[in-house]
Amino acid sequence: MRPGPVTTNDGVPAVELDSITKRFVDFTAVEDLNLQIDDGHFFALLGPSGCGKTTTLRMIGGFEEPTSGVIRLHGEDVTGLKPYRRPVNTVFQSYALFPHLTIFENIAFGLRRQGVDDADVTKRVGDVLELVQLTGRDRQRPRQLSGGQQQRVAVARALVNHPRVLLLDEPLGALDLKLRKEMQIELKRIQQEVGVTFIHVTHDQEEAMTMADTIAVMHGGRIERMGRPTEIYEDPKTEFVAGFLGASNLMGGRLEGNRVGLVGGTVVHLTTAAAANQAGAVNIGVRPEKIRLHAPNDETAAPNRLAGKVTDASFIGVSTHYRIMNPDLGELAVVVQNLDDRRFALGEDVVAAWQPEHTFVVSQ
Amino acid sequence: MTAIAAPTPVNPIALAAARRRRRVPYLLLLPGLLYLFVFYLIPLISLGRMALQSGNLQAGYELTWEWENFLQVFTTYRPQLLRSLGYSIGATLITLALGYPLAYAIAFRGGRWKNLLLVLLLMPFLVPFLLRTLAWRIILADQGLVVETLKTIGFLPDANGRLLATGWAVIAGLVYAFLPFMTLPIYVALEKIDRSLLEASGDLYATPATAFFKVTWPLSLTGVISGTLLTAIPAAGDYINSQLLGSPAQTMMGNVVESKFLSIIDYPSAASISLTLMLAIVVAVVLYVRSVGSEELIA
Chain A
79 MRPGPVTTND GVPAVELDSI TKRFVDFTAV EDLNLQIDDG HFFALLGPSG
129 CGKTTTLRMI GGFEEPTSGV IRLHGEDVTG LKPYRRPVNT VFQSYALFPH
179 LTIFENIAFG LRRQGVDDAD VTKRVGDVLE LVQLTGRDRQ RPRQLSGGQQ
229 QRVAVARALV NHPRVLLLDE PLGALDLKLR KEMQIELKRI QQEVGVTFIH
279 VTHDQEEAMT MADTIAVMHG GRIERMGRPT EIYEDPKTEF VAGFLGASNL
329 MGGRLEGNRV GLVGGTVVHL TTAAAANQAG AVNIGVRPEK IRLHAPNDET
379 AAPNRLAGKV TDASFIGVST HYRIMNPDLG ELAVVVQNLD DRRFALGEDV
429 VAAWQPEHTF VVSQ
Chain B
5 MTAIAAPTPV NPIALAAARR RRRVPYLLLL PGLLYLFVFY LIPLISLGRM
55 ALQSGNLQAG YELTWEWENF LQVFTTYRPQ LLRSLGYSIG ATLITLALGY
105 PLAYAIAFRG GRWKNLLLVL LLMPFLVPFL LRTLAWRIIL ADQGLVVETL
155 KTIGFLPDAN GRLLATGWAV IAGLVYAFLP FMTLPIYVAL EKIDRSLLEA
205 SGDLYATPAT AFFKVTWPLS LTGVISGTLL TAIPAAGDYI NSQLLGSPAQ
255 TMMGNVVESK FLSIIDYPSA ASISLTLMLA IVVAVVLYVR SVGSEELIA
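Residue numbers (the numbering used here), protein chains in the order written: chain A, 79 to 442; chain B, 5 to 303.
Treat the hints as calculated values from the structure; they're not laboratory data. No experiment lies behind these values; they were computed from the predicted model shown. It is possible that some hints are incorrect.
[What the hints assert, rightly or not] Anything over 10 Å on all C-beta distances counts as not near chain B; from chain A, calculated: (1) Gly147; (2) Pro161; (3) Thr180; (4) Leu212; (5) Asn336; (6) Thr349; (7) Ala352; (8) Asp376; (9) Ala431.
[To be verified] With the C-beta cut set under 10 Å, the calculated list includes, among others, these residues of chain B facing chain A: (10) Leu202; (11) Ser205; (12) Thr214; (13) Leu223.
All residues carry an ideal CB built from backbone N, CA and C; glycine is no exception.
Extracted from the complex, chain A is given alone in its bound form (with noise of 0.2 Å):
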């Protein structure tokens, strides 16, 4: 049972943004903003609220206009279709399942506006419940559901469509945390079924990181980064994203060929990569779970070597969380699988230690 559309991968994205701006009375929601999403793919919009995520969304599923910018769906200019005459389906944060219909008739409500006849509304609407594992709820009414279910039928009834566009806004929003990561699994799992483009909108770093093949990180109507999450992750280039995606440590310093003198005079080592073409002030970070504690003068530590004292040792079960003061720097976080390594109690000097190759730089 496949009830994804035909996708075609002939090359051409499945949607493409060119040069968007969306301005409303008193201020601009999304900025020149050039997009590409392949087809197949699951796309995640990230980033805080107001950063203009939903806006663009709302835009590729016609429910607003941009003010400048062509919108293409697989080749074809939807810019100022209305919704019901584009090839996109919609799962809404609400649901927006209608209350007065069984969840059937919620499932082929798209299918009976496209007059396909009852004898195919049937069969695609079992297939997809299927698909969302829910057969045999189709007599119920949604509000007999609970939330994880109701968000499974929003789910099927924009798939029984065959959209080749999916656009999920906050879906997971409504749901408790152990429900929310269930979700993620079974929505990527739906996808990878169905295979028909997903964009997903959140302002939840870990759900877009589970679920997405990129991400694009938002921030005041732009897209600051954009890439596969471990890409991202791992350099997230400026400091935004740096700090919106997971935590980090950012320290000030200079550059000259690979090497960094940070404040206060200690030197570290950047890979040749991660130096091209930059030079002078510069931020470098390093994530806090690449950072491994040392006793002073051991000379097994890596070669990007901090000094500093220990402020604070939360046990949190799979890892420790340590805050590292240096004189010079500020506090560190760090952070320490459980394994072997020795325990660092409070006010102990100790040396926080790094790989070259994990060190980033942030444009400032």
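Mind docking chain B on chain A? Use the hints.
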């Protein structure tokens, strides 16, 4: 684990407190029930007794089980009964046709004017009912602006044509009187509709018109049912409009009851006519609600 079930009261003080708590809802109901008993149930029973009596004011009334009293509604007063139902249904339909778009406009397009528009809708209530109806006499008067205008544009072909003392005048008065009662419940129902449902139906290929008939209308049915009942029931029993805006040719059941009680002093007929009208309305309401779907009313 904390115990979820109510703890079993062990000491007598807790037991008494629990008993008191159970009594509270009934105590709160008591004043209302008492009022209904004295001012609704007792008069209704005495009305029922009165309906089966015969006699006159001078000789006194006697309970003679005059069941024929009930039949006269369908024989002697059949025209008034039909007129009452006809005017009521006509007025309800016109009120719905005017009130629904009004409620829709306020709920969906009212924006920041919403509250002001609602106040304006309720403004007529600040003027007494009788005065408002009398004002309509002036509006529809024979040499008035409305009649003259209608004559000019040919809607009233006859040079002696008039609006007052016609069924239309009575219906117009009823529509005016009950418009807020129709509009408000519909407004409340429309206001409750989640706007994302309309976006969802647009997303699912429904044109705005289809979205209205498949989503907005069914979800506003509760309001439509309440509104039509709040209009049709009082309109069927109304007698002020037909008295002030109509002529003897427009008398409704309400007028018959009024004159039987107050002018002719034929209490048994008046009582039996009232009861019959009441029953007829109850039957009509039950049939109506059943046919539209009581599920929506509960939802």
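Now for the hints, and whether the structure bears them out:
The non-interface label for A:Gly147 is consistent with chain B: the shortest C-beta to C-beta separation is roughly 21 Å, beyond 10 Å. A cut-off of 10 Å between C-beta atoms contradicts the statement that A:Pro161 is not in contact with chain B; the least separation is 4 Å. Residue placement check: A:Thr180 keeps its beta carbon more than 10 Å from all beta carbons of chain B (closest about 12 Å). Non-interface call for A:Leu212 relative to chain B: holds, since the shortest CB-CB distance, roughly 18 Å, exceeds 10 Å.
No beta-carbon of chain B is positioned within 10 Å of the beta-carbon of A:Asn336; the least distance is around 52 Å. The Cβ of A:Thr349 lies farther than 10 Å from every Cβ of chain B, with a closest approach of about 47 Å, so its non-interface assignment holds. The claim that A:Ala352 lies off the interface holds: its Cβ sits roughly 44 Å from the closest Cβ of chain B, which is beyond the 10 Å cut-off. A:Asp376, annotated as away from the interface, keeps every beta carbon of chain B farther than 10 Å; the closest lies near 49 Å.
At roughly 48 Å, the least C-beta separation between A:Ala431 and chain B is larger than 10 Å, which holds for a residue marked as non-interface. Interface hint at B:Leu202: satisfied, since its Cβ lies 9 Å from the closest Cβ of chain A, which is below the 10 Å cut-off. Satisfaction of the interface hint for B:Ser205 is found here, the shortest Cβ-Cβ separation to chain A being roughly 7 Å, below the 10 Å cut-off. A least Cβ separation of about 6 Å between B:Thr214 and chain A falls short of the 10 Å threshold, and the interface hint therefore holds.
Taken as an interface hint, B:Leu223 checks out: its beta carbon lies about 6 Å from the nearest beta carbon of chain A, inside 10 Å.
When held up to the earlier numbered hints, the structure conflicts with hint 2 and nothing else.
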